[in-house]
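**Student:** One letter stands for each residue in the lines below.
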Amino acid sequence: MPSWPEKRSYIGSLAKRVDAPAKVSGAAKYSSDVQPEGWLYGMILRSKWPKAKITKINLEKAARLPGIKAAVLAREGERIVRFYGEELAAVAGLTKQACLDALRAIEVEAQPLPFVVREEDAREESSPRVWDEQPNYSRPQPRDRGDVDKAFGECAAVVEGFYSTPVQIHHPLETHGNTISWTGDNLTAWSSTQGISSVRDGLAGNLNVPQNQVRVICEYMGGGFGAKFGPGVEGALAARLSQAAKAPVKLMLTRFDQALAVGNRPSSFQKIKMGATADGKLHAYQLESFGTAGIGAGSSEGGSGGAAFPAPYIYTVPNTRIAQASVAVDAGSARAFRAPGNPPASFGMESIMDDLAVKMDIDPVEFRLRNDPSEVRQKEYRLGAERFGWKQKYKKPGTSPGPIKTGVGCAGARWATGGGGTQAQAQVSPDGSIEIRCGTQDLGTGTKTVIAVIAADLLGLKPEQIQVRVGDTNYPPSGASGGSTTCPSVAPAICDLCTNVLQELQKHSGLAEVRGENWLAACKKLGVDPLLVSGKWQEGLSGSGAGGVQFAEVAVDTDTGFVKVKKITCIQDGGLIVSKLTCESQVNGGIIMGLGYALYEERIMDRHSGVLLNPNFETYKLPALADMPEIDVVLLDMPERGVIGIGEPVTIPTAAAIGNAVANALGVRVGSLPITPAKVLAALGKVDKPA
Amino acid sequence: MKSFQYATAASPAGARHLAGDNGRFLAGGIDLLGEMKEYISQPDILVNVKALPGLDRIEASTTAWTIGANVTISQLEENAELKRVFPALQQAAAEVGSKQIRNVATVGGNLAQHSRCWYYRHRDILCLKKGGDTCYARNADNKYHSLFTGNTCISPVVSNLAVALGALDATVVVQREDKPLRWSIAQFYAKAWENPTAHNSLEPGDLILKVEVPLAQQRSAYLQVSEKSAFDWALVSCAAAAKVEGGKFSKARIVLGAVSNVPHEVQAANDLLEGKVLDDGLAEKVADLLVAKAHAHSENGYKVPIARALIRRALTSLAA
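Chains as they are written, first to last, in our numbering: chain W, 639 to 1329; chain H, 102 to 421.
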């Protein structure tokens, strides 16, 4: 049985990202950089109507424009479009401008239909239905555990609150898209994807081509957070355009496209009531919530689980009543989004945790120590509080002096993770070089580095001696990169592979010791034929379940409502840390994304026109360098638990911790994300009702 | 975007001639290209004015500074002497867009830029400002919109420089056909107060040549609040300038940005400061006068307390 080496030189070290030179020098070719000979631009025509019956689409005029090589419909025949931005047709042409002109030349006949784009409007019985056959609002059946009504009577303190989170849009820096090229009946797709295998299977199914005639390549990709598993409508259109034009077609979404139709995190509106007994133990919890997954999570790939979320999240409350609903609106649908369900769950629950702690006059960290069932998080709270200086920084809510008030807050996370199902292959050449091939993909999280450092430690080599090849369906299969499963899926397979390599090399070379300084001599004994060795994921090398806690410190200008996050401290467990540098980088990214969720990001749908009002980075605001706090990351190395993924848990508690810090600074709660100056001033009672 | 001709002008008169009936002048192009990409502006010809002689210079005399229309925002931001003499202008420049934008964007373009209203900028919405018949923002998502307007459109003027230059009593020199016009900042934007489709008082073919800033005042300050720490539009901005001698204010001017379709100024508020020493009560009274006629819509009432805070802080910084 393979096992992790006792003595680790590169595993868990700050070893450099193996592809860093390629990335910083521009040598790395991302899927969106690929330019096969004779490639054409592809672009998509989208619905201008939030809802309409499309009766006719005439492509003829567009197809005849100079430079246009193909034009296809997204779907044949009459159809209903249900959100602004739904795909209608696509064109391929020699230049981007030719495609833009062609899109404007496509004639669409449509009968506009009544629509509804806002959650609060769609809940009304009288609102237009998104789907004729069912009401927009799914009235939930409350689920009871224990005796909630009686339990509230037994509480020493009860608080109620209303908390809301916005629809968050998937905006990786590299948009969704593919470059697709046919050679006879065989198709090659360069995809910006989290799953080369799932894109291959999706394309094969879509186009009715055997899977062995589809090859998907993704050597470098610019970010994916749960919405890049399949080829998407845009991938299928690119393949059909390429077929029709008999030329490679590159169809990368524009930023405008990206905002509309490739998925988002559902909103949430949470009415929570919670009580604790005199000893500060949670005793009763009641939740009524709803949110929107747009036209519906079921209608999109990936599956987001709709607008429901885990409640009462990481805490155990003996008496609970939970009623969760979804409301459909005429807007782009939800897809899995970094820790689906968890950031909204964390925001609601951790907010009311602090509100209750304040009411009971218990320190928020102490309140969590009394109620958090996880021993790991208990340890993390203690360690984090010490490191962050919680005792020195925590003051009674709203008591920080002066107009610019400081505050602190904390919150915890939970994520299942786990892994499996990866195979890998090594080719060891007589000259001592080694190439490891694995059909996983590196989202930028450091998968190639993970493979290199593991192989280096097991083989007694240096990471730069390991040639790592990933991102090609011609390599042995691995799963999609989602659910924080990549590292715990890939790392054990590489451990197994390298263990097998040593055994095979011993056998073929006849040498007992083949590692390190003996490596080259052993390889030379192979003669002319390289050694080809396989490995696969094995039990016992990876684990599952991550916690993690975060602390936030903010300064809030109570005259202007401006919030500045000064510091985030994160204590994160992740089993055996494989690549410390890239792991910390993931934590930084998760915190930055959480900060955006806390303060800036929000999809805004216009009630009257039904369009998305902020399909750009000007008004769909993302955090940038000047918004960054000091980020302090502590990784708890727990090798005994095996390899555990941490990509998702690290983004979960950030917004809740920031929200709690703002409440601590102000002495009043801003219960709605994003926490904007407008909402801060409203919470402080400084905004008059509109005239 | 729609295809267009391109020409480079050697003189203001030549630029005017080349622009014809449906031409636009190209300097930094930051605002213009955005409008062209969304088909909001569809000029037949772009006339490059970057080569016009002398317009890329900052010149100081004993009575005024002359800033050419093609001076970049970065040039203002990085000019140490300007920072000393007109701190409000330097601060306003430093808050424009990102460094990359400031390196390219020009003084003329910043003043002449069009509305950032998200209905106006939306490719599939024909709003009042684009010649439609409805101001969508009035009864919908207006958190970035105006508290004051002279017409039905409530999209605010967003030029940072206009706010600072207004407080500094600057003159904008505009070439109209063959004669130069000399406008105050108020005159430069007056038409936007009356006419919902106007962004400023410029007519097609009008070319901004330069801005003159008199050396009349001693102190100035510009402040803005945005949702983000940098690279974001002001929710509210405020510039103030005054002579302060022995603690007493004179010739004070306070201008608010992003709250009206013109830089917002109230003469009575300026007058109230004349000859007085600033204290908290006076600052509040000045703020009262500036926001007295504010008309908040469903989402933008929060701009009033921000405006008040910025007025107070700007005046306090002048008094300090």
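No lab work stands behind these hints, which were simulated from the structure alone.
Honestly, I wouldn't trust all of these hints.
Unchecked claim - Partial chain W-side listing against chain H, Cβ under 7 Å, derived: (1) Thr-892; (2) Lys-997; (3) Ile-1000; (4) Ser-1012; (5) Gln-1016; (6) Lys-1017; (7) Asp-1167; (8) Asp-1197; (9) Ala-1264; (10) Ile-1269; (11) Ser-1310.
Since the structure is predicted, the reported quantities are computational estimates derived from the model, not experimental observations.
Virtual Cβ for every residue (Gly too), placed ideally from N, Cα, C.
**Student:** Work down the list of hints and note, for each, if the structure agrees.
**Tutor:** Here is what the structure says about each hint:
| no. | hint | in the structure |
| --- | --- | --- |
| 1 | Thr-892 | violated (10 Å) |
| 2 | Lys-997 | violated (28 Å) |
| 3 | Ile-1000 | violated (33 Å) |
| 4 | Ser-1012 | violated (35 Å) |
| 5 | Gln-1016 | violated (35 Å) |
| 6 | Lys-1017 | violated (34 Å) |
| 7 | Asp-1167 | violated (55 Å) |
| 8 | Asp-1197 | holds (4 Å) |
| 9 | Ala-1264 | holds (4 Å) |
| 10 | Ile-1269 | violated (15 Å) |
| 11 | Ser-1310 | violated (13 Å) |
Hint check: violations occur at hints 1, 2, 3, 4, 5, 6, 7, 10, 11; the rest are consistent with the structure.
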